[in-house]
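Visitor: Taken in sequence, the protein lines are chains A and B.
Residue numbers 784 to 892, in our numbering, belong to the letters of the first sequence in order.
Residue numbers 55 to 165, in our numbering, belong to the letters of the second sequence in order.
Just so you know, the hints here were simulated from the structure itself, not pulled from any lab data.
Be aware that one or more of the hints could be misleading.
[Unchecked claim] Here are the simulated lysine to any residue pairs, SDA-like style, with alpha carbons at most 25 angstroms apart:
1) B:K94 <-> A:V796
2) A:K841 <-> B:V150
3) B:K94 <-> A:K841
4) B:K92 <-> A:K841
5) A:K820 <-> B:V150
6) A:K825 <-> B:T70
7) B:K90 <-> A:V796
8) A:K805 <-> A:R834
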Amino acid sequence: GENVEQHPSTLSVQEGDSAVIKCTYSDSASNYFPWYKQELGKRPQLIIDIRSNVGEKKDQRIAVTLNKTAKHFSLHITETQPEDSAVYFCAASIGGLVFGTGTRLLVSP
Amino acid sequence: DTEVTQTPKHLVMGMTNKKSLKCEQHMGHRAMYWYKQKAKKPPELMFVYSYEKLSINESVPSRFSPECPNSSLLNLHLHALQPEDSALYLCASRQVAGGYTFGSGTRLTVV
């Protein structure tokens, strides 16, 4: 089955810096790659997604890139703010969503 | 209606109890999912229903029994659970090739 690896597990940045989180997946049949932000005790919240026929997608301060050949995708957050602090999960979709292990992002003022 | 509604929000049950979790959506999504999430871990896929038929069971113990009575409703029947089954149970739905919509979850505690 699909296996998704995510790095780093924790990421501390200063407000205004950029943050990058990377994921790799194993099943080349996966065709949908969302990113979720999850705050303590709440549901995962979709922040951006990308499909396998697209290499890059941007939404304001957030961008995602996908390299199908290498089977990896990355989340880029620019101009980070304290309210960006949360756990971020990448995921790959084949049948159902398979999640990465998560990255705890801490943005210090 | 663009939401997935899960009830109850919180549930405490004994190891000999039988209880059910409910998930409902009225977006016309034909795929529905159960996930289990332990603290500080990612959600883990349990079951997938596609057009009201069980299509994926990720080797979940039989004390968890899913049911999809119609295209809008998904249940998870619980029986003889163990304390280690305590977790946040998330339901999600998806239109064909669309994004996933998650419910707010049921926080289950087994005592």
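Visitor: Would you mind marking each hint as holding or not holding in the structure?
Guide: Taking the hints in turn, this is what the structure says about them:
1. Distance hint between K94 of chain B and V796 of chain A is fulfilled; the C-alpha atoms sit about 20 angstroms from each other, no more than 25 angstroms.
2. For the suggested pair K841 of chain A and V150 of chain B, the alpha carbons sit about 23 angstroms apart, so the restraint of at most 25 angstroms is met.
3. At most 25 angstroms may separate the alpha-carbon atoms for a hinted pair to count; K94 of chain B and K841 of chain A exceed this at roughly 28 angstroms.
4. Under the criterion of a C-alpha separation no larger than 25 angstroms, the hint pairing K92 of chain B with K841 of chain A is inconsistent with the structure, at around 31 angstroms.
5. For the proposed pair K820 of chain A and V150 of chain B, the alpha carbon gap of about 23 angstroms is at most 25 angstroms, so the pair holds.
6. Using a Cα cut-off of 25 angstroms, the hinted pair K825 of chain A and T70 of chain B is violated, with the two alpha carbons roughly 28 angstroms apart.
7. Taking the CA atoms of K90 of chain B and V796 of chain A, the gap is about 30 angstroms. The hint is violated against a cut of 25 angstroms.
8. At most 25 angstroms may separate the alpha-carbon atoms for a hinted pair to count; K805 of chain A and R834 of chain A meet this at roughly 16 angstroms.
The structure is inconsistent with the numbered hints 3, 4, 6, 7, although it conforms to all the rest.
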